[in-house]
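J.: In case you want the letters, here they are:
2 protein chains.
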Amino acid sequence: MFPAILAASERLRGHAHRTPIHHSRTLDALAGAEVLLKCENFQRGGAFKFRGAFNALSLLSDEQRARGVITYSSGNHAQAIALAGRLLGVQTTVVMPDNAPAIKRAATEGYGARVVPYDPATGDRKQIAEALAAEHGYTIIPPYDDPNIVAGQGTAALELIQDAGALDWLLVPCGGGGLLSGSAIAAKGVAPGCRVVGIEPEVADDATRSFHTRTLHTVHNPPTIADGTRTPSLGAVTFPLVLEYVDDMRTVSEDAIIEAVRFLFYRTKLVVEPSGALGVAALLSGAIQASGRVGVILSGGNIDGPTMARILTG
Amino acid sequence: MFPAILAASERLRGHAHRTPIHHSRTLDALAGAEVLLKCENFQRGGAFKFRGAFNALSLLSDEQRARGVITYSSGNHAQAIALAGRLLGVQTTVVMPDNAPAIKRAATEGYGARVVPYDPATGDRKQIAEALAAEHGYTIIPPYDDPNIVAGQGTAALELIQDAGALDWLLVPCGGGGLLSGSAIAAKGVAPGCRVVGIEPEVADDATRSFHTRTLHTVHNPPTIADGTRTPSLGAVTFPLVLEYVDDMRTVSEDAIIEAVRFLFYRTKLVVEPSGALGVAALLSGAIQASGRVGVILSGGNIDGPTMARILTG
Numbered sequence: 001m002f003p004a005i006l007a008a009s010e011r012l013r014g015h016a017h018r019t020p021i022h023h024s025r026t027l028d029a030l031a032g033a034e035v036l037l038k039c040e041n042f043q044r045g046g047a048f049k050f051r052g053a054f055n056a057l058s059l060l061s062d063e064q065r066a067r068g069v070i071t072y073s074s075g076n077h078a079q080a081i082a083l084a085g086r087l088l089g090v091q092t093t094v095v096m097p098d099n100a101p102a103i104k105r106a107a108t109e110g111y112g113a114r115v116v117p118y119d120p121a122t123g124d125r126k127q128i129a130e131a132l133a134a135e136h137g138y139t140i141i142p143p144y145d146d147p148n149i150v151a152g153q154g155t156a157a158l159e160l161i162q163d164a165g166a167l168d169w170l171l172v173p174c175g176g177g178g179l180l181s182g183s184a185i186a187a188k189g190v191a192p193g194c195r196v197v198g199i200e201p202e203v204a205d206d207a208t209r210s211f212h213t214r215t216l217h218t219v220h221n222p223p224t225i226a227d228g229t230r231t232p233s234l235g236a237v238t239f240p241l242v243l244e245y246v247d248d249m250r251t252v253s254e255d256a257i258i259e260a261v262r263f264l265f266y267r268t269k270l271v272v273e274p275s276g277a278l279g280v281a282a283l284l285s286g287a288i289q290a291s292g293r294v295g296v297i298l299s300g301g302n303i304d305g306p307t308m309a310r311i312l313t314g
Numbered sequence: 001m002f003p004a005i006l007a008a009s010e011r012l013r014g015h016a017h018r019t020p021i022h023h024s025r026t027l028d029a030l031a032g033a034e035v036l037l038k039c040e041n042f043q044r045g046g047a048f049k050f051r052g053a054f055n056a057l058s059l060l061s062d063e064q065r066a067r068g069v070i071t072y073s074s075g076n077h078a079q080a081i082a083l084a085g086r087l088l089g090v091q092t093t094v095v096m097p098d099n100a101p102a103i104k105r106a107a108t109e110g111y112g113a114r115v116v117p118y119d120p121a122t123g124d125r126k127q128i129a130e131a132l133a134a135e136h137g138y139t140i141i142p143p144y145d146d147p148n149i150v151a152g153q154g155t156a157a158l159e160l161i162q163d164a165g166a167l168d169w170l171l172v173p174c175g176g177g178g179l180l181s182g183s184a185i186a187a188k189g190v191a192p193g194c195r196v197v198g199i200e201p202e203v204a205d206d207a208t209r210s211f212h213t214r215t216l217h218t219v220h221n222p223p224t225i226a227d228g229t230r231t232p233s234l235g236a237v238t239f240p241l242v243l244e245y246v247d248d249m250r251t252v253s254e255d256a257i258i259e260a261v262r263f264l265f266y267r268t269k270l271v272v273e274p275s276g277a278l279g280v281a282a283l284l285s286g287a288i289q290a291s292g293r294v295g296v297i298l299s300g301g302n303i304d305g306p307t308m309a310r311i312l313t314g
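Sequence lines, in order, name chains A and B.
Each residue of the first sequence is one higher than the last, beginning at 1 in this note's numbering.
Each residue of the second sequence is one higher than the last, beginning at 1 in this note's numbering.
What the hints contain is simulated information worked out from the structure, not anything from laboratory work.
It should be emphasised that the depicted structure is a prediction, and the values quoted were computed from it without experimental measurement.
Beta carbons are placed, not taken as given, at the ideal position from N, Cα and C, and that holds for glycine.
Careful: at least some of the hints might be erroneous.
[What the hints assert, rightly or not] Here are some chain B residues pointing at chain A (derived, C-beta under 8 angstroms): (1) Phe42; (2) Gly46; (3) Pro142; (4) Phe265; (5) Val271; (6) Pro306; (7) Met308; (8) Thr313.
[As the list claims (entries may be wrong)] Listed next, the stretches of chain A that the computed footprint assigns to chain B, with coverage defined by at least 3 CB atoms under 8 angstroms from CB atoms of chain B: (9) 41-52; (10) 269-277; (11) 302-309.
Please construct the entire structure, taking both the sequences and the accompanying hints into account.
T.: Quick look at the structure:
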């Protein structure tokens, strides 16, 4: 799949931002390594998700574009599909949990998507999307379990290594595994010696258990502040890729995630959402004892005001 | 003074960060102009103040360095002097109001400075510093009213125009006028057609009144959230420079400042302190109706958690 990532990278040129790499002397000292932060919080739509969404929508046929697309997402993928749809002239519909952060729903609608809310305690977002797709002829663009999405997400790690040079470690947040598998394929493609580790919240450790047992585990609506990782499991596409390309998985506590968001706010002046701070949480908590050059994907910055307020004053 | 800014720029190379320029399509649309954000929140110590502090300390004689320096500051200058002192091996003492944000005092002490607190309602920070300087032989490094400080602060605008090209407008926060006068001298030196405007809080509008009446006005501990602008007045060095090089002054309300901090948080994922957001406040509130290419100095990012929490949930 590495060639698909290179092709996605060409496709995204001039549409996605080539996001900057930031650096913190304090973080280096605490981690005992040279840490390179790939700032996908500065990506269009506020998260890496734009990469996969734009790549997938670019690959639709004219007929598919004319009929429109549908997706299901707790937030950042929704915004990304909505924004990519607006840029490419494709009508978009998003099935979104009714407890999704208000900022994410507002941003999705602001980009012109139609939002269909559902109750995550009783409904199945995929089934709802499939029913609407069958009724209206929409193409389903899943949030992670799709080769074109995986290829798009892999471009962030590709850019990081192209811009910063070879890495000894690459730490990547893991929800459904789209960013993680894409990052791992990209890293192995350009820097084979790089050790790629997926980071999950302890309370949403389905992928870590799946990785270690080589059997798919699931969680149901786990109580983590990292809302981007509340996905039930790795997917049919991403699970085999994670098994093949990822070197290890680690988990971090909710306190470690909160501490990482706070650290990034105070010491680097970056607004990073809890899911985006998982790699830094792994370094600060000691879950990863890295050395050498460590890449960290800060996957997004879409955090609600009340959540950040709680983190800053807690 | 333009040559002094060019010299400071050489002196700072490899010590200060050449901070990035950020851009927001949403801000451009709201302002009706192309807005270029010079991110001094990413400067060492979290604010532009490092530039002037490092420049001033670099110019000390060996004897002055050996005796140490003293300054008085509500915060960012204090951190900058402490950090520059640590890097250059100069002992630093800071006279700081006892109501200064906790994060700023902690950071100043973290860089190795000795902090002498005083009550701003009853004490005069300059007199306290002068008494300690006389007693211990310290050199006083004022927060803004010093040509070497002004020259250092001017390097941010110089970099902005060197990196982004000519500007039609440059919006600069104004406290004691060190950043504003340095920025104006730099802008006129490299882009003579650039209109330089200083921005102040309405409730701390001493410099605006001084500018329009050409007579020095003062305020006493004004009740603005923009703590970097709580300075009593322009200084003997900065007032004439502001009169000579600055094109205009404008004020913004406390609500406009808060809205700008919030906008920068949500839409650009940047942590910017209230004083640093004055230029964006002027654009969003309509205090400045700019067109063409507009440079804005985001002067710092050192904001207390409780203050940011209030802004995000207010």
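J.: Would you mind marking each hint as holding or not holding in the structure?
T.: We went through each hint and held it up to the structure:
{"no.": "1", "hint": "Phe42", "in the structure": "holds (6 angstroms)"}
{"no.": "2", "hint": "Gly46", "in the structure": "holds (6 angstroms)"}
{"no.": "3", "hint": "Pro142", "in the structure": "violated (26 angstroms)"}
{"no.": "4", "hint": "Phe265", "in the structure": "holds (6 angstroms)"}
{"no.": "5", "hint": "Val271", "in the structure": "holds (4 angstroms)"}
{"no.": "6", "hint": "Pro306", "in the structure": "holds (6 angstroms)"}
{"no.": "7", "hint": "Met308", "in the structure": "holds (6 angstroms)"}
{"no.": "8", "hint": "Thr313", "in the structure": "holds (5 angstroms)"}
{"no.": "9", "hint": "41-52", "in the structure": "holds (count 3)"}
{"no.": "10", "hint": "269-277", "in the structure": "holds (count 4)"}
{"no.": "11", "hint": "302-309", "in the structure": "holds (count 4)"}
Violated hint: 3 only; the structure is consistent with all others.
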